[in-house]
Each structure stands twice: as C-alpha cells, then as structure tokens.
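**Q** Let chain A serve as the given structure and place chain B on it in line with the hints.
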Amino acid sequence: MQNPNWSWPFSAAANNPFFSQPPNPLKNPFDWSAWQTGGATSAQDPTAWMQQFFAQIRQAMPDGKDAATAEWQKAATALSDSMTTQWERWSELFSHAGGGAPGSGAMHSGIQNLLDEQMAPLGLSREVTRQMQELADVHAQMGPAIAKLQEALSGFPEQFQKALAALIEQRTHAGQPVTSLRGMIDLWIEAGEHAFAEIAHSDAFSRAFGGFTDALSRAKIARSKWLDGQLQTIGLPTRAEMQTSHERLQQARRDIRALKREVAALRALIENQQAAPASGEAAPAASAAKKAAAKKSARKATGKRASAARKGAATHTQQED
Amino acid sequence: MTGFSMPNMPVAIDPQKAMQEMANWQMKFGALQANLRGLQDETNGVTARECVYQQDKVRLYRYAGEGNRKSPPILISYALVNRPHMMDIEAEKSLIRSLTKRGHDIYLIDWGYPDPADRVLSLGDFIFGYIDDCVDEVRRLTRSDAVNLLGVCQGGCFSLCYAAANPEKVANLTVMVTPVDFQTPDNLLTKWAMHADVDQAVQAFGNIPGDVLNVSYVSLKPFQLNVQKYLALLDIGDDPEAVRSFMRMEQWIFDSPDQAGACYGEFTRKFHQENQLVQDALSIDGVQIRLDRLTMPVLNIYARDDHLVPPAASKALASKVGTKDYQELEFPGGHIGIYVSGKSQKLVSPAISDWLIARN
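Chains as they are written, first to last, in the numbering used here: chain A, 1 to 321; chain B, 1 to 360.
Same shape as in the complex, but just chain A (with noise of 0.2 angstroms):
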C-alpha cells in the first residue's frame, strides 16, 4: 500500500448515489445492490439475513397436514441449516478479513485484509471483490514501478556535477572561463543533458520507463473495467461495447473498400476486353490492366484474408466453418 491514493476507489463506490438505495436484502436475495449498502441484519450481519430468508421461505410454505408437505419441510429446514452454516463459514472467514459489502466501510477494510492476505473473495458479491481487489492492486503496483523510475534515475545528482566539472575544466584549458551568467547556465544546462542522456540511454532506464507505462496502464484498464461495470448497471454503453462495435464497422469499412476495389478493377478490364476488338492497338493495354486487375485482386484478397484472421472477422469465420 505505498500509494496513499490506492483506496479511492472504495471511497468512490461508498459516495456512488447507486451504492445508497434503501437495503431490501429479501425483495431478490440475488439483487446483490441489495448488499452493497446493506441493512443492519444484510451487511453488517449476513448469517443473520440468511437465517432471515430461510425463516421467511419456511413461512411462505404450507403448512404440513400430509406427509409430501411434512417431508418437504423437513428437507427445507435441512437445507436452510446447512446453507445457513456453511455461510456462517464463509462469513467467519469475511469477518476474518473484515467482512462487509461492496461500497460500504466494512468492505472497504476487508478489502485490505483480503489484498492483504491475498485472500480469494467469495459469496455473491464475489466479482465485484475480485474487481476491486485487482483495480486495488495495480494501483498499489504504481509505487514500485514510479519508485524503480526513480532508482533509475537515481544517480544523476553524481553525474551532473561530474560532467559539469568536466566541462568547466575543458573551458578552462581552452583558455575561455566562464564570465556571465548566462554561460553559467548555458553550461549547467549543457551538463544536465550530457548526463540525463547517460542515463535515459541505458538498459536500466529503458527497463524502468517501460514498467512505469505498462504499471499505468494495467492501472486504466483495471479503472476502465470498473467504470464499465457501474455504466451497465444504469443502462450506459460502456467503453468496451463501443470498442466492439467501432472494431466491427471498421471492418465493414473495410471489407466494402476491397470489393469496390475488385470491382472497380472488373469494370476496367471487361471495358477493354470490349474495346480490344474494335482496335488491335487496344490489345496491350488491356492485357496490361488484366495483368494489374489481377495481382491489384490477389494482393486485395491476400491482405483481406490476413486482416480478416488477425481481426477474428466474422466473415473468415463462417467461410472456415
């Protein structure tokens, strides 16, 4: 947890005005919104609410005056004991790692303990857990990728004042001090860059640089994810809906593109197939478009199908199928 701004997440959710409808865990017990801000007996308590559902599935059942009924009831009330313990485990378990729903401040520390413990979340608000520990964890990969830049660059205090040593004792063999301060700074700035290139040009550096991209980057798409999950909750599209349909337009775009191509090429060639007997001069010209028409088609057709395979085109599929 080096980065103090790790959280912020959690602390958007708790202030997100669709994390704070009133709680009615049994209005659909699998509504996990339900969960997020919870009642005193839903979040704070689940084994409660548990005992609560069944209790109320028990009521809603007939009452038993044949043996079916009896013998159902007898299952039911198994049943609800023994999902009611085995949730008492798994909340014990929460509870072990802070328990609680998405959103809400009980939650927000038992997704500490479960990065913490690198616990597996469980339960129906699994997924979001998951989400939200991975979204938690690349902001916490943040600080060492920006601490390794910073070791990285670590060592240019030493080699600017070294080059810049080096430079005033070159000028001064040269016979040319320094006498203003404009060439004082004209010199720093000289031996600023000489050492930064040291270090920007090595491994060392490179290596760094590219685990701080691919550190924010994990970072966005984990962040991305999540805002997508809020905007489908509310009927948005998401950033990934319209990815997938910008991807599959473009390729429309360009599969039309490559057929007025051919096309354009076809009608060039049967007009002067046509004109070719009219003129025995017009022979040449359109063996030469023929020839063009058909490497223009084949390179066309090869560039197509290879677009096609890396785009995962549905068109190449169904054509393999």
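Source of the hints: derived by calculation from the structure; they are not laboratory data. Just so you know, even glycine gets a beta-carbon here, dropped at the ideal spot from N, CA and C. It is possible that some hints are incorrect.
[Stated by the list, open to error] Okay, the calculated bits of chain A under chain B, using three or more residues with CB under 8 angstroms as the criterion:
1. 176–187
2. 208–218
3. 241–248
[Said to hold, decoys possible] To be clear about the criterion: a stretch of chain B counts as covered by chain A if any three or more of its residues have a C-beta under 8 angstroms from a C-beta of chain A, and this derived list gives those stretches:
4. 107–120
5. 169–178
6. 202–212
7. 222–229
[To be verified] Sample of chain B residues lacking proximity to chain A, with all beta carbon distances greater than 10 angstroms (derived):
8. Asp-181
9. Lys-315
10. Gln-327
**A** What follows is chain B alone, placed relative to chain A:
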C-alpha cells in the same frame, strides 16, 4: 539537487556584469510579457490552399504552383504526429511556399484530429486506405499514372511502405527525416519504447493522447527543451516579430493530435520494437513490404543534428532500395530546422525541385 555544491572551478564572473545581466533580463521579461499579450493562434499555414478531397477526417489540400512554369506536382504525406502546417508556418519559412514559387502544385494530406471512434484505425487503413485514395485523387486531378510522393518523418515511413506495395503509382519518391533502421544505437525513442507493452497501452488509452507524446519528445532533451528554449525566448523578448515567430512554433509543437490507437500500437511494435522495415520483414494487412521494390528514383533527405531521427536511421535506406537512382542530401540542422530554417529554404526546396524536374 539538494546538497549539490559547485566543484572547485575557475569561474570569472564579474559581479557588476552579473548585475547588468540580471537587469537586462528584467527588461526583456517585461517586454516579452507585453509582446505575448493578445497573440492569437495561427493554425492553417500562410499559403492559400483549397481542399480538393476529403474522407472521414482526412483532407487533401492543393496549393497552386505560381507562374507559368509547370513543375511536377508533389503529394506530401505528413506524419500523424503534430500538424502539417509546420511546412507552411511562415511566409519566409515555408517549404510549401518555396516549392509553389518554383511552379510545383503541392498536394498535402492533413490527417485531422482523431477522436475515440478512430482508435480502431490500423496502419493498413492509413497506408492502403487514406494514402491510396489521396494518390488516386492526385492521379485523377493531374491526369497522370503515377505521383511524386514526398513523405515526412513517420509519413516518410508510410510513403516507403506505400511505394513498395504500389510502385506503379509512384513516379518519384522523396523522404525527409524518415527512419528506416529504428534500432541504431542513438535512437532514444526506440530505447524507451522497447520494454513497454504497447498493445496494453493502446487498450488502456484507446487513442494515445498527444500530450503523452509531447512529454516523451520534450523528455528526450529536458534541459534544452524545458529551460534553454525559454531563455532563448527571453533573449528575443523585446522583438515582437521574433516572439510571434517563436509562438507559432510553440503552438505547433504542442498542438498534437491524439494517435489512432491501433495504428500507433502496430507502428510502435513493428517499426520501433521489432525493426521490421529495414529487415524486409514487415507485413501490413498481409502485404509484404520489401524495400527492394522501391524501383523508382529515391531522394533521401536527413538532418545531421536530428535527435529524433538520427542520420544513421535514415541512411540505412541506401542499401535496401531496388533503384539505382538513389540520392541522399544531408541538411546541416535538426529535425524541425529542416523545414523552418532559413537554410532550409535555400537548400532543401531547391534540391527537391531540381531533383524532380530532372526526372520528369
């Protein structure tokens, strides 16, 4: 830099002179502030032009050649990085104007500003899509079978790929500050890109923000580009026209379009990380790019002091092309100076013009 102490060195700075210097800076700074106030952005270059073709965000502009002299038309494929008006940034520092004055019609591809929907555009979409369409449009407008293609930096890489795949459509090829071997020892951009998971970056960012690239470019020479450059601005602070000129460049430098994600990822991986172009191992949308298919005349212009594209990265083209008509021109300056310096107008545009006229 805490704890830093000056080495024991002879510095002969006269206190009186130092005071004078500081007073001078104060005055320049005051004048600079006055000259910066109210300056407007100028984004489209200075030479008259018309849009002759457009597709999506791509525009093809035509700058009409001057006079009765009919010099060969030129199609310029600019890089996706930064905006193309750098080639026409000021009347006296405009490569485009310099060429139109020599009678060339100039066609310029402006890629526009990609938005998030453009993140799926691939290298092939740019090279075999947009460039091919612009080439066809220029062929149609000029009633010629093949164009004179001029590629700039990354646009030069695109031009090499395009010309190698479509040699029948390119009569003459000029590339400027164009890397071919991306892994020369002095190529810092490649070194920084080597260990990054670029596909993951594209997944994360979609389009790669122009500001991210700006940070990278400025970080290549952090002292010069963050300190020295602005001290130089202070030096010219009392010269309104010089300040204006400086600010045009400043605006151009930081007016960076985002990079279409898929294209950026593919370019970084195939060109920088795997160095496929110089090894003839490059394949774009299934089309093999072999530099020995460059059978048309090739003019390769590189900048001697280029810190972005080292000369060796460009000169690697010499041994790879299939043509015997290959020429190099070394420009005594840097990556940007090759377009906007006074020397450029005297050296580069006449060289391009003469070279083309001799082959048409």
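**Q** Now tell me if each hint is right for this structure.
**A** Evaluated hints:
Remark: the region 176–187 of chain A is confirmed as covered by chain B, as 10 of its residues place a Cβ nearer than 8 angstroms to a Cβ of that chain, reaching the required three. Counting residues of the region 208–218 of chain A whose beta-carbon sits less than 8 angstroms from any beta-carbon of chain B gives 8, enough to reach three: the coverage restraint holds. Chain B is given as covering the region 241–248 of chain A, and this holds because 4 residues of the stretch bring a CB closer than 8 angstroms to a CB of that chain, at least three being needed. Counting residues of the region 107–120 of chain B whose beta-carbon sits less than 8 angstroms from any beta-carbon of chain A gives 4, enough to reach three: the coverage restraint holds.
Evaluation of the coverage hint for the region 169–178 of chain B: breached, as 0 residues show C-beta separations to chain A shorter than 8 angstroms, against a requirement of three. For the region 202–212 of chain B, the proposed coverage by chain A is satisfied: 4 residues have a C-beta within less than 8 angstroms of a C-beta in that chain, meeting the threshold of three. For the region 222–229 of chain B, the assignment as covered by chain A holds, since 5 residues bring a beta-carbon within under 8 angstroms of that chain's beta-carbons and 3 suffice. Its beta-carbon lying about 17 angstroms from the closest one in chain A, Asp-181/B satisfies the requirement of being farther than 10 angstroms from that chain.
The non-interface label for Lys-315/B is consistent with chain A: the shortest C-beta to C-beta separation is roughly 20 angstroms, beyond 10 angstroms. At roughly 29 angstroms, the least C-beta separation between Gln-327/B and chain A is larger than 10 angstroms, which holds for a residue marked as non-interface.
Comparing the model with each earlier hint shows a violation of hint 5 alone; every other hint is respected.
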